[in-house]
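Quick note, the sequences are listed as chains A and B, same order. Numbers 1 to 633, taken from the working numbering, label the letters of the first sequence in order. Numbers 1 to 633, taken from the working numbering, label the letters of the second sequence in order.
The set of hints was computed from the structure by calculation and includes no laboratory data. Wrong hints could be hidden among the right ones.
For identical chains, the list gives no copy identity; a pair is met inside one copy or between any two copies.
Unchecked claim - Listed next, the in silico SDA-like pairs over lysine to any residue satisfying Cα-Cα at most 20 Å (straight line):
hint, residue 1, residue 2
1, 431, 176
2, 436, 175
3, 431, 177
4, 296, 583
5, 579, 353
6, 431, 175
7, 431, 178
8, 289, 576
9, 436, 196
10, 303, 409
11, 579, 290
12, 579, 325
13, 563, 491
14, 296, 587
15, 559, 491
16, 127, 101
17, 579, 112
18, 296, 354
19, 133, 40
20, 579, 351
Chain by chain, the residues:
Protein chains: 2
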Amino acid sequence: MNVPVLPKTVKAKDFSGGPETVTTGPVTGSRKVYASVAGRDDIRVPYREIALTDPNEAPVRIYDPSGPYTETDARIDLSAGLPGVREPWIAARGYAAVEPRAVKPEDNGFAGDKLVAACPAERVIRKAAPGQKVTQYEFARAGIITEEMIYVAHRENACREAVLERAEAALADGESFGASVPAFITPEFVRDEVARGRAIIPANINHTELEPMAIGRNFLVKINANIGNSAVTSSAAEEVEKLVWSIRWGADTVMDLSTGRNIHNIRSWIIRNSPVPIGTVPIYQALEKVGGDPLKLDWEVFKDTLIEQAEQGVDYFTIHAGVRLAHVPLTARRVTGIVSRGGSIMARWCLAGHRESFLYERFDEICDIMRAYDVSFSLGDGLRPGSIADANDAAQFAELETLGELTKIAWDKGCQTMIEGPGHVPMHKVKVNMEKQLRECGEAPFYTLGPLTTDVAPGYDHITSGIGAAMIGWFGCAMLCYVTPKEHLGLPDRDDVKTGVITYKIAAHAADLAKGHPAAQLRDDALSRARFDFRWEDQFNLSLDPDTARSYHDETLPKDAHKVAHFCSMCGPKFCSMKITQDLRAEVLAMEQAGQVIGAAPALSPAEAEAGMREKSREFLAEGGKLYVDAAE
Amino acid sequence: MNVPVLPKTVKAKDFSGGPETVTTGPVTGSRKVYASVAGRDDIRVPYREIALTDPNEAPVRIYDPSGPYTETDARIDLSAGLPGVREPWIAARGYAAVEPRAVKPEDNGFAGDKLVAACPAERVIRKAAPGQKVTQYEFARAGIITEEMIYVAHRENACREAVLERAEAALADGESFGASVPAFITPEFVRDEVARGRAIIPANINHTELEPMAIGRNFLVKINANIGNSAVTSSAAEEVEKLVWSIRWGADTVMDLSTGRNIHNIRSWIIRNSPVPIGTVPIYQALEKVGGDPLKLDWEVFKDTLIEQAEQGVDYFTIHAGVRLAHVPLTARRVTGIVSRGGSIMARWCLAGHRESFLYERFDEICDIMRAYDVSFSLGDGLRPGSIADANDAAQFAELETLGELTKIAWDKGCQTMIEGPGHVPMHKVKVNMEKQLRECGEAPFYTLGPLTTDVAPGYDHITSGIGAAMIGWFGCAMLCYVTPKEHLGLPDRDDVKTGVITYKIAAHAADLAKGHPAAQLRDDALSRARFDFRWEDQFNLSLDPDTARSYHDETLPKDAHKVAHFCSMCGPKFCSMKITQDLRAEVLAMEQAGQVIGAAPALSPAEAEAGMREKSREFLAEGGKLYVDAAE
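So that you can see chain A by itself, here it is in the shape it has in the complex (with noise of 0.2 Å):
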């Protein structure tokens, strides 16, 4: 995977932070607001909204990851973390304070403070103790709905309220494969999903400025950015940037891929500046810890590694725990062997001694530590294809089988939990990774890195992933690892990351659409109205990258008048065929309001295609009106 790195251009060598490290403000054309629950104002959901400059055209309100930073007068201080939304509703369980385990030399690779300090945020650390309820799997099995399942119901209904009260949307045509997504998103639905492991609100207690958020079919397909610091130099505030970077284009959450030296005091800063789910990969940390020899590891130092992790606030780790001694020989044969960085070490260790994983051995115990933060599982895919040829093999099968297998120990045992899937697949055995997963691990979410299409561009994966991933994404995954275009070829730079990020939001929107995602097409529709009356500003602004949609048609096109032009450079004004169509709409209204007949009518008037979707509104008002109200600012 790859793990970008900051660009030249960005002020960020002082790690002692302050709001003029990273990017902050909101995005071109849109505004952050935030609505409260009814009843409860410390439930204050964020949206972004995109206002039109059609006054008969409703500001659109979009799901929203990107955290106060994309505020307008975003006052950030890194030093001091971000502001503990959740710091109440966890104070309220009563967990016990704990010590934290003191930091080792090893932790920072034995360089100390010297490169980069830990951020001095100061924070409780809490731990749930033994037949505590901790995770939000145990709340829900309980039946409690938590604080974060509300924020996440009204969190998963931007677009909702619009659509069942203006009757705006097509309906929902999609096709699901068995996913159930509903009109309405209520918090015990939320509950309900994550009691079956449908879906996890990856959200260590120790993790309290976490905005929360769901993985899961029935919620809106998610995207991961992976960041990370290179070996050679990184300070934390550049760190803060790539997270920053990542979720104001719209990732979901974040993996800290970090291998270098300092990462402990790294993801210290990286935790406390985040409102999304931070994941890592802690067999990294511990091989850092043995000097970068696999067959040093062992269970305590890897235990050790957990708990560091856990009480920093790692919202989910990936735990390669289905790379069995069994499965090693299967992939001796591969095109590409073993291209998991954590499934190759494991095999290493596996096959150096002859022995079980002790990732396996020891899984009771892992989940143990894990749940006492509510650490979600992200059970690794060590054995993942890395080439067409070794594609859905009896490496990749075997291992998979065994996730299923964990999963069910990890539910038993009170943890969230999601699976890792593939790699490089072709189009044509995308599905029965999806049905084959959610077969064997009970329809845990599924997490897959594309699936790259073909082998053949180096230079262009995201765009080989993307079309993997859109299909994916369609069948059922819940979240979509993003690819840069420097896959297989070196470090992401910012541009690289954004590059990464918009493709996935493009997969994962496109899912939600042929999903049949009740409120996905309102965004298309809204841009594509504006850009049949010309408006360029709200094509501009309602489009993943309104930047880049501006300086492309400024190209060409630079004066402010030609934003209100009704044409652009590509047909210029004499050829535009939405101009011409525009004068004939007209004319066919005048027409068949004067009664005259132009050859067969239209199958289905616009009455008749909206009285199913008023009829659903008019259900929805009537059992209580309007479910949002403006949060106090």
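Add chain B to chain A, keeping to what the hints say.
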């Protein structure tokens, strides 16, 4: 559709031509090779051959539409045009030379030769007499195999010989959805596909410079790029460079969508210098001739334009004959109305006079004109959806049904025919487009624009559409019309054209893999082996865009020594999974050789896996051995 403009960096103002005005020379890491069919020295089929650094790896030969421009010592004289590879074949068929229609002032927008003079290359203009067989369809129906069919057969077999001889690629295990892609393409197979109307070989008898190619779902999936002069200014060499640049990266056909002045003269330069089929939309020029007012269009000016362009050698015409008067009201309540330029022009014409389209009413006559030169039909989708909201609606499908009706007429008239398709279509509505097209149009080749799977990403519509293109290519679409990042926003530049072409090569190749094309995976496998072996140069050279792959790698590891380094900048030397797994492989194989059992054995030994392929290989070699001999230099 997008119309690219030339970058400022290319010297191309001097339309007198010469090698310095267009991009020449091999793609990095490749060389052009020709192979002749045994006994037919006049049929020299071009390939691009990629030599690899590992002596155990055979060079990889790939399909190559780039023409003589990518020869090592390409000698290009734009004024003379390309060599007439088809001239002796056409000459032998005995068509009468005709006095070409005199150039009229309106052909060049009343600009004369002021801006761009006509290409001075002289050619005999031919036309078939009534009853004289001329189209590939007519020959195929009569059981006659043409030189074009032989050429196409051998061209399509790039990689197949290697697969059969070396049993190198994995067994094709795709899902073809009813396509029948054979293990080996014979000229008779090509004839049969053309005779069934399932494939076309767009090849105007007046385009003798053409290197013949086939479009059909049992052949490699093809891609089209659009070029065209902007209304403001454009020189001939500029336009030729757009063509050369597009085919360099893999465009199989090119549409000239020019709408400005001097388009007759510019077209002469394009066709005389094009090794790929050139398509046009004649209604654009017809509209220019009547001053841009759709209501002034009539059959006479349209017919005159058809003859003008057919004599010049255009290989296929987009004809929007499916836009009938009765369809117009079906579009009036669409979110984005009619987005096809030709469609909106014809709808305007029909509605204004409340009359049936002259393209529909005169369809027989259009067939007669096109047949006489073997201009193929590309039946235009004038009512394609321009937004997700309008996908698969009554207007779109009513037109498709009309196109099915017209396909049968065109075949009766002896014409080759393909069908254009959408547009904006969410993923779950893509497949029904393909199925309905096959059903309505008797399996005539489908040629779609994307489709774009969401409306929300202007600036990234190569990706929104690349997803849909890959899927519909898999389902059976024969040719994919590219979309560039500038779609909906402005004129694509050189980089945009390349990005569009590469994205569509990815989509087409992903589709070939998923369909189970028997040789498609050879390139993926060769690249993946190179990746696993850290043969960086081979990995770059096998990729769709060697220059970009190399430059991305070199950003972080620029030294020559890094090209053989057993790691990259993503993980560094210590954490490289490939390095670990290489060591692992050696160990496993050694242990197995020593008789040690490591868990379960692999389900299928490599010997077993190869058995099927070897059997096929034996059959082929038994039937006559090597099909190709190297062509005389």
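Structure-based check of all given hints:
When the C-alpha separation of residue 431 and residue 176 is checked against a cutoff of 20 Å, the pair qualifies both within a copy, at 13 Å, and between copies, at 15 Å. In this homomeric assembly, residue 436 and residue 175 come within 20 Å of each other (Cα to Cα) both inside a single copy, at 19 Å, and across copies, at 18 Å. Both within a single protomer and between protomers do residue 431 and residue 177 lie at most 20 Å apart by alpha-carbon distance, with minima of 10 Å and 15 Å respectively. Proximity of residue 296 to residue 583 under the C-alpha cut-off of 20 Å is restricted to the inter-copy arrangement: shortest distance 17 Å between copies versus 75 Å within a copy.
Only between protomers do residue 579 and residue 353 lie at most 20 Å apart by alpha-carbon distance; the minimum there is 19 Å, versus 73 Å within a single protomer. Both within a single protomer and between protomers do residue 431 and residue 175 lie at most 20 Å apart by alpha-carbon distance, with minima of 14 Å and 12 Å respectively. For the homomeric pair residue 431 and residue 178, the shortest alpha-carbon distances inside one copy (13 Å) and between copies (19 Å) are both at most 20 Å. Taking the shortest Cα distances, residue 289 and residue 576 sit within 20 Å of each other only across copies (17 Å), while inside one copy they are farther apart (64 Å).
For the identical chains of this complex, residue 436 and residue 196 are intra-copy neighbours only, at 18 Å inside a copy versus 40 Å across copies, given an alpha-carbon limit of 20 Å. In the homo-oligomer, the alpha carbons of residue 303 and residue 409 lie at most 20 Å apart inside one protomer (18 Å), although the nearest pairing across protomers, at 75 Å, exceeds that limit. For a Cα distance limit of 20 Å, the shortest separation of residue 579 from residue 290 across copies, 19 Å, qualifies, whereas the shortest one inside one copy, 68 Å, does not. Taking CA atoms no more than 20 Å apart as the test, residue 579 paired with residue 325 passes between copies only; the shortest distance there is 19 Å, against 66 Å inside one copy.
Proximity of residue 563 to residue 491 under the C-alpha cut-off of 20 Å is restricted to the inter-copy arrangement: shortest distance 16 Å between copies versus 37 Å within a copy. Proximity of residue 296 and residue 587 under a CA criterion of 20 Å is satisfied inter-copy only: 18 Å between copies versus 79 Å inside one chain copy. Taking identical chains as interchangeable, the C-alpha atoms of residue 559 and residue 491 lie at most 20 Å apart only when they sit on different chains, with a minimum of 16 Å there against 37 Å within one chain. When the C-alpha separation of residue 127 and residue 101 is checked against a cutoff of 20 Å, the pair qualifies only within one copy, where the shortest distance is 12 Å, while the shortest distance between copies is 88 Å.
Neither within a single protomer nor between protomers do residue 579 and residue 112 lie at most 20 Å apart by alpha-carbon distance, with minima of 66 Å and 30 Å respectively. In this assembly of identical chains, the alpha carbons of residue 296 and residue 354 lie at most 20 Å apart only when taken from the same copy (14 Å versus 84 Å across copies). Proximity of residue 133 to residue 40 under the C-alpha cut-off of 20 Å is found in neither arrangement, the shortest distances being 23 Å within a copy and 81 Å between copies. When the C-alpha separation of residue 579 and residue 351 is checked against a cutoff of 20 Å, the pair qualifies only between copies, where the shortest distance is 15 Å, while the shortest distance within a copy is 68 Å.
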